[in-house]
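Please construct the entire structure, taking both the sequences and the accompanying hints into account.
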Amino acid sequence: MKRTHTTDDLLNEYLDHALTQTQRTEIEGHLRECDECSTRVNELRALFDEIESLPEAKLERDLSKEVAAAANRRVTFAPLLWLLFAAQAVAAVVASAVAGWLIQPLIQQTVDVNILAAQSIETLTVEWANWVSESQIALEQTLQTLTQPLPFEASMLIIAMLVTAVSLLWITGNGLLITSLARRHT
Amino acid sequence: MDAPTDRDLVLCARRGESEPFGELVRRYQTTVFNVCYRLMGERREAEDMTQETFIRALDRLDTFNMDLPFAPWIKRVAANLCLNRLESARPESSLDDERDESASDESPEAAHDESERAKQVRRALRELPAHYRIVVELRHYHDMSYDEIAQTMKIPLSDVKSHLFRARKILAEQLRENREGAKNAKEL
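Respectively, the protein sequence lines represent chains S and W.
Numbered according to this note's numbering, the first sequence spans residues 517 to 702.
Numbered according to this note's numbering, the second sequence spans residues 198 to 385.
It should be emphasised that the hints constitute simulated quantities derived from the structure, not laboratory data.
There may be inaccurate statements among the hints.
From the structure, some residues in chain S lie toward chain W, with a derived Cβ separation under 7 Å [said to hold, decoys possible]:
| hint | residue |
| --- | --- |
| 1 | N528 |
| 2 | L563 |
| 3 | I567 |
| 4 | E568 |
| 5 | P571 |
| 6 | A573 |
| 7 | V583 |
| 8 | A585 |
| 9 | A586 |
| 10 | N646 |
Going by beta-carbon spacing under 8 Å, a handful of chain S positions derived as facing chain W [to be verified]:
| hint | residue |
| --- | --- |
| 11 | D524 |
| 12 | D565 |
| 13 | A587 |
Cβ atoms here follow ideal geometry from the backbone N, Cα and C, with glycine treated the same way.
Okay, structure coming up:
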């Protein structure tokens, strides 16, 4: 009868204690009878011994002081980090307020220009409508659209929200950069 | 007075006391250094990784389960850090010629042989691909099961087995070649 040898994988698992009790018993029975597999498992066991008997390398200096110093650097860095965050938050709020204050007259100006432009267009289009009576209805509709007042408050709100969002993104981005810098530093 | 246990030291370190953590470093720095040295293969780099391991451990001391021993935990922190470092495709550096310690009661010749054997094992380990080296480290030096290795490395169980078995095959061949080379050199 042809003898079936145990595979390398099973021998590995056997020595790693990763088999069930039934599988172990089966393999041990086979190893008792098969010289070839017995030799292979002994060679593998010798390799295990060789790997595991590697002597400990000696650490030639005490690292505890260096670790403590690195840990202290990390600790002293933390308040600085919080200070930076706080400074950025204050800067962002101030920037939002200043931006809102600066933008308000600009918006008012833009609105005035729009109204003036709309009025001029109204005169022109009325005259032009006399010449081209067919398109009068369409032009009046256009005129109506142009003379509609801009939603000032909504514009201000959108701009203020945009400035705040950009500020928040700026704080978060810088925060991440500073954190990664702090990790590298320690 | 009895020396404080690891558990006592961890408790104090968690409260922010630096001296107890320093004592933990002194107790385990050689163990951690050896994990890093086997994985990184270079003494200077292993020392840096040892420091990084303790800094990382200090950050994560709250995650340490006080019912378990400290040594396996700190070794696992070291192995994980080295694994991350090895995975970040760093250029291979040259292997140190280690002065492996041998038992003092051995004859100089026996000590020399043992040192040579250790050097060969280190060289063979160092020449393994990084993902093979780490499974060997976790199985043979941390005594982890296949499942634990799979969890630590976040890879399937089948990969753990194939990496480990291939790594052993390569190690066996490498060591056999080294032995034959040394034998031939002696005969010449």
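Against the structure, the hints come out as follows:
1. N528: This interface hint holds because 5 Å falls under the 7 Å limit.
2. L563: 5 Å, holds
3. I567: 5 Å, holds
4. E568: Because about 5 Å separates S/E568 from the closest Cβ in chain W, which is inside the 7 Å limit, the hint holds.
5. P571: 5 Å, holds
6. A573: Holds, about 5 Å.
7. V583: 4 Å, holds
8. A585: 10 Å, violated
9. A586: Constraint on S/A586 satisfied, holds at 5 Å.
10. N646: Result: violated, 77 Å to nearest chain W Cβ.
11. D524: 6 Å, holds
12. D565: 10 Å, violated
13. A587: 6 Å, holds
When held up to the earlier numbered hints, the structure conflicts with 8, 10 and 12 and fits the remainder.
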